[in-house]
Structures are given as structure tokens and as C-alpha cells.
Amino acid sequence: MRAVVIVEGKKDRERILPLLREDIDVLCTFGIPTHQRVMEIHARVQNDELFVFTDSDDVGKRIRGMLAEEFPEAIHLHTKREYDGVEHTPPEFLFQLFEKHEIAKT
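The sequence shown begins at 1280 in the numbering used here and counts up one residue at a time.
Honestly, the hints are just simulated from the structure, not real lab data.
In this text, all values refer to a predicted model and were calculated from it rather than measured experimentally.
We put the CB at the ideal spot given by N, CA and C, even for glycine.
Any given hint could turn out to be false.
Simulated DEER-style distance windows between Cβ atoms [claimed, not checked]:
1) H1314 to P1370: 20 to 26 Å
2) H1355 to P1297: 18 to 24 Å
3) D1363 to M1280: 31 to 37 Å
4) I1311 to T1385: 17 to 23 Å
5) H1380 to H1314: 27 to 33 Å
6) E1361 to D1302: 14 to 20 Å
7) D1327 to E1293: 18 to 24 Å
8) E1293 to D1336: 14 to 20 Å
9) E1348 to P1297: 26 to 32 Å
In the BS3-like style, the derived pairs of lysine-lysine whose C-alpha atoms are separated by at most 27 Å in a straight line are [what the hints assert, rightly or not]:
10) K1289 to K1340
11) K1384 to K1289
12) K1340 to K1290
13) K1340 to K1359
14) K1289 to K1359
15) K1359 to K1379
16) K1359 to K1384
17) K1384 to K1290
18) K1379 to K1289
19) K1359 to K1290
20) K1340 to K1379
21) K1290 to K1379
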């Protein structure tokens, strides 16, 4: 089964992409997603396994909440607040997280 990871921005995408299996797509919300962006994500995701990986700040939590309503089947990945967002999370932490969910590059 294909999988998709949704992140907030392109720096988050750049941070995690090298650590993921090559068949994993990474989509960005580009901040709080508009209705149009959510529909674009729906069109891309279809029946893929879906992961939501947003920052632990207020905006990230708001985005996570919106996506949880739109995609109730999504698996939510979390970084530590001390890392100040996905883009600043150490690669070792990210790799272990992705490995746990079987989406890490081997």
C-alpha cells in the first residue's frame, strides 16, 4: 500500500524526505490549509495510508485538528516540543519514528 505524509511546509518536507522510503509521497499544507488545498490533498491521497506530521505549536495543532476531521483514518506522528518543529527535529529521532511506522528508508 502506498503512503502519504502531510507536513506544514517545504522545509519540513525537505527535512523528512531523505529519511522516507522512495514510494512515500510528502504533501505540504503550506500553513493553515484552504478548502481548495484540502480538496487537492483528498484527490492525491485517495486510498493511500495517510500520516499527518505537523509541529507541536498552536498552528500545527490547529492544522492537525482540521486534517483529523477531514481524514479520520490518518495516523498522527508527533515530534517533541523541544525540537521547535518538524524541520528542526534531529534525523535520528525522525528515522526511529518512521521506522516504527514502517515508512523509513532502508
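Verify the CB-CB distance for H1380 and H1314 against the hinted window 27 to 33 Å. holds, 28 Å
Look at the Cβ atoms of H1314 and P1370 and judge whether their distance stays inside 20 to 26 Å. For P1370 against H1314, whose Cβ atoms are near 34 Å apart, the range 20 to 26 Å is violated.
Range agreement (Cβ of P1297 with Cβ of H1355, hint 18 to 24 Å): Check passed, 22 Å falls within 18 to 24 Å.
27 Å limit on alpha-carbon distance, applied to hinted pair K1384 and K1290: holds, 19 Å
Could one say that the CB atoms of E1348 and P1297 fall in the range 26 to 32 Å? Because 31 Å falls inside the window, the suggested range holds.
Restraint check for K1289 with K1340, where alpha carbons must lie at most 27 Å apart: Measuring from Cα to Cα gives roughly 18 Å; hence the hint holds.
How does the Cβ-Cβ distance of D1327 and E1293 compare with 18 to 24 Å: does it lie in that range? Given range 18 to 24 Å: holds, Cβ gap about 21 Å.
Is the distance from the Cβ of I1311 to the Cβ of T1385 consistent with 17 to 23 Å? Distance hint for I1311, T1385 is violated at roughly 34 Å.
Below or equal to 27 Å on CA atoms is what counts here, so check K1340 against K1290. holds, 18 Å
Starting from K1340, check that the Cα of K1359 is at most 27 Å away, please. holds, 13 Å
Would the hint linking K1379 and K1289 be met if the CA-CA limit is 27 Å? Roughly 24 Å between the alpha carbons, so the hint for K1379 and K1289 holds.
Indicate whether the distance between the beta carbons of E1361 and D1302 respects the range 14 to 20 Å. violated, 31 Å
In the structure shown, a violation is registered for the earlier hints numbered 1, 4 and 6, in ascending order.
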